[in-house]
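Keeping their order, the protein sequence lines are chains X and D.
Anchor point for the first sequence: position 10 equals 10 in this note's numbering, and the numbering is continuous, going up by one each time.
Anchor point for the second sequence: position 123 equals 123 in this note's numbering, and the numbering is continuous, going up by one each time.
Calculated from the structure, these hints are not laboratory results.
Predicted model, so just to flag it, every value in this text is computed and none were measured.
One thing to keep in mind: the hints can contain errors.
You can't tell identical chains apart in this list, so a pair holds if it fits in one copy or across any two.
Derived DSS-like pairs: lysine-lysine, alpha-carbon spacing no greater than 27 Å straight-line [as the list claims (entries may be wrong)]:
1. Lys66 to Lys86
2. Lys70 to Lys43
3. Lys66 to Lys127
4. Lys127 to Lys86
Number of protein chains: 2
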Amino acid sequence: MFIHAEAFWYEAMIETPIAEEISEQDRSRRFGEVLLVLYCTEKVDDSDPRGTARLAAGEIRKYMSKIGRKPIVLFPFAFLVSREEKGSASVAGQMGPMIAQELQGDNPFIVPFGWYKKFSITSMGHKYSVHASRVQVGTDS
Amino acid sequence: MFIHAEAFWYEAMIETPIAEEISEQDRSRRFGEVLLVLYCTEKVDDSDPRGTARLAAGEIRKYMSKIGRKPIVLFPFAFLVSREEKGSASVAGQMGPMIAQELQGDNPFIVPFGWYKKFSITSMGHKYSVHASRVQVGTDS
Numbered sequence: 001m002f003i004h005a006e007a008f009w010y011e012a013m014i015e016t017p018i019a020e021e022i023s024e025q026d027r028s029r030r031f032g033e034v035l036l037v038l039y040c041t042e043k044v045d046d047s048d049p050r051g052t053a054r055l056a057a058g059e060i061r062k063y064m065s066k067i068g069r070k071p072i073v074l075f076p077f078a079f080l081v082s083r084e085e086k087g088s089a090s091v092a093g094q095m096g097p098m099i100a101q102e103l104q105g106d107n108p109f110i111v112p113f114g115w116y117k118k119f120s121i122t123s124m125g126h127k128y129s130v131h132a133s134r135v136q137v138g139t140d141s
Numbered sequence: 001m002f003i004h005a006e007a008f009w010y011e012a013m014i015e016t017p018i019a020e021e022i023s024e025q026d027r028s029r030r031f032g033e034v035l036l037v038l039y040c041t042e043k044v045d046d047s048d049p050r051g052t053a054r055l056a057a058g059e060i061r062k063y064m065s066k067i068g069r070k071p072i073v074l075f076p077f078a079f080l081v082s083r084e085e086k087g088s089a090s091v092a093g094q095m096g097p098m099i100a101q102e103l104q105g106d107n108p109f110i111v112p113f114g115w116y117k118k119f120s121i122t123s124m125g126h127k128y129s130v131h132a133s134r135v136q137v138g139t140d141s
């Protein structure tokens, strides 16, 4: 899910067993206008994480062609799919860095993976301010 | 998707062809702590909107048993499913009032349907602060 946000912040609150280690600085971050990418991997993505990341990066670029080039924040967000559809935690954890690699020049920030986070999102409110997107290797969208 | 929010506000910005008429007062609203229910109907729900609303109300009650009883805000949010899965606009438009009826005593506020909205959501940040839920008549969840 893409959100063209006017403002976004998060604070990592509670570690889960799959939490990545983070620096004190990354415990909490505040952003102004960004393209916020809330993403979640599904079981079908586990067989080709790299291909999935490539498709995701393509979708991000397509969305940016609508709203203009913005700083990108990748936000691992497990709540987009049901528990049964969810992919493996290890693939989910790699997905942020892999999408970042595929985006190359855009150098996105990745919100810490595996933490319960407090967050605040304020959307821009224009027509393309929120956009749903789902990619799967081997299909058209 | 349920969000136990510390704060939520919206502003109705742009009418779509399926926009409901709203009072000046409902054009923009600000809330403190609420249970925010972002929902979207799917094609399969079109055959039994009332049954779907009943299941949704049940899920809301179940979630409230975790976070405590809070004022409820129902937020029609078309971006939870892909365009192909989305239910009819007329059922989607009725869903808020129908869930509200099923909730009876809790008297939720319904965010205007069919408008592009600017919004801001701040989560509480505890373990159950965000929760994904999907219901379908005739299935278990």
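Outcome of the hint check:
1. In this homomeric assembly, Lys66 and Lys86 come within 27 Å of each other (Cα to Cα) only across copies, at 22 Å, whereas the closest approach inside a single copy is 29 Å.
2. Proximity of Lys70 to Lys43 under the C-alpha cut-off of 27 Å is found in neither arrangement, the shortest distances being 30 Å within a copy and 34 Å between copies.
3. Taking CA atoms no more than 27 Å apart as the test, Lys66 paired with Lys127 passes inside one copy only; the shortest distance there is 10 Å, against 35 Å between copies.
4. Proximity of Lys127 to Lys86 under the C-alpha cut-off of 27 Å is restricted to the inter-copy arrangement: shortest distance 18 Å between copies versus 30 Å within a copy.
Of the numbered hints given earlier, the model fails hint 2 alone.
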